[in-house]
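The chain contents come next:
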Amino acid sequence: MTNENLIQYLYGIADNSLILGQRLGELCGHGPTLETDIALTNISLDLFGQVRSYFQYLAELSKDDLTEDDLAFLRKEREYKNLLLVEQPNTDFAYIIVRQYFFDVFHYMLLEKLQDSKNVNLQGIAKKSIKEVAYHQRFSGDWLLRLGDGTEESKQKVQQAVSDLWVFTDELFHVTKDDEAVIKAGHGVDVRLLKDDYYAKITNQLKQATLEVPETKYFQKGGKQGIHSEHMGYILADMQFMQRAYPDMKW
Amino acid sequence: MNTTQDIDPKIYSILKDVSDPEIPVLSIVDMGVVRSAKLLENNRVKVEITPTYSGCPAMDVIGDDVKKAFQDKGYQAEVKLILSPAWTTDWMTDEAKQALKEYGIAPPMDATSDKEALLGNKKIIECPQCGSTNTKLVSQFASTACKAMFKCEDCKEPFDYFKCLI
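Just so you know, the protein sequences line up as chains A and B, in that order.
Position 133, counted from 1, in the first sequence is what UniProt numbering calls 133; the numbers after and before it change by one each time, with no gaps.
Position 158, counted from 1, in the second sequence is what UniProt numbering calls 158; the numbers after and before it change by one each time, with no gaps.
Since the hints were made in silico from the structure, they are not lab data.
Do not take every clue at face value.
Stated by the list, open to error - Label-pair ranges, simulated between beta-carbon atoms:
hint, chain 1, residue 1, chain 2, residue 2, range
1, A, L74, B, D72, 35 to 41 Å
2, B, P24, A, G222, 44 to 50 Å
3, A, L66, B, N134, 38 to 44 Å
4, B, S113, A, E230, 46 to 52 Å
To be verified - Covered by chain B, according to a simulated footprint, are these stretches of chain A (three or more residues, beta-carbon under 8 Å):
hint, region
5, 26-39
6, 117-126
7, 143-152
8, 155-169
To be verified - Here are the simulated lysine to aspartate or glutamate pairs, EDC-like style, with alpha carbons at most 16 Å apart:
hint, chain 1, residue 1, chain 2, residue 2
9, B, K151, A, E35
10, B, K97, B, D110
11, B, K136, A, E35
12, A, K76, A, D197
13, B, K46, B, D110
14, B, K115, A, E230
15, B, K97, B, E126
16, A, K250, B, D60
Where is the CB? At the ideal position from N, CA and C, for every residue including glycine.
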């Protein structure tokens, strides 16, 4: 495993929290109710906190004297390695909840295994973050049930979100060449091994929510290679504006 | 102080006086946020602190407050943020839990009760105002990441519950 392998592996994990955190941050003051507004932005805050831990470690690993701010704000689109799922827009509350649930279940499973990493930094971050993610998963899982088994309208909307976002789930288990090297060295998690448990878990929750499980076999991927959907540029424009307009600001 | 903390007794009282900016009645020592504090030569001090939640925005303020408290007493403090072992509500002292309750925040319970309460299965969280357990979960997230929002069905007052983190 080279240093560069590890750096790319870390981006693959940290950028998910960064971009999803940014998406949820857009909801600050715009949530459907005060309680959900506060909950979603609290989740965003947790994710940003986790990102800082990864980026501080990444800044240590990089040779170019980079800071956590450079890593968060000054990369180009292709250099972000987040999953397509987390960059999908806040279409409506149903989308927000389904996107969150699909990610939270995966995130929890990943961190569970990352606690056993041979890398003490990753171990530390995982042990810290998993406690927070347990609450995220509980929140999104509960809302999925409520919306699915709720009114006719909520059910129709959440079913639409499940069907639309389903195509992004397979990418969660995609392993890049960098990942492969890091997994081999015992520092990373082989996400391919989590796939069956993941689908069993979300299928069960969807059924409980009286929702239909999509049968589509067509999946989209690309985010982990830096090839993003059309939404990504807008997120970055929003996120990077301050740092580019006023260089060297600290977050 | 609890047994997991390693604080030099000579500087203990200085740290004890630094309070949590979000919950001013609590000392950062009783919160378990201070993990270690060592007195070095030339009046230098090294303090290690750990966040309650990763994104806790109070950490920068706590770091600055620690430096200032030592500066006022003629020491120069270096503050380091550490992540492991990860903070747990178990590290809060009984004194801290009592102070929370008096401040109007229901203190954290053990993990099993916490789950029952946050899933709404059992009514066990006591209202810090009237002591009733006839309380209802309003939201799992409240004014800060570490709290959940509850409402007392008897005295009708809303209140914060400090979520369990184990």
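task = Could you tell me which of the numbered hints above are not met by this structure, giving the numbers in increasing order?
result = Hints 3, 7, 8, 12, 13 and 14 not satisfied by this model.
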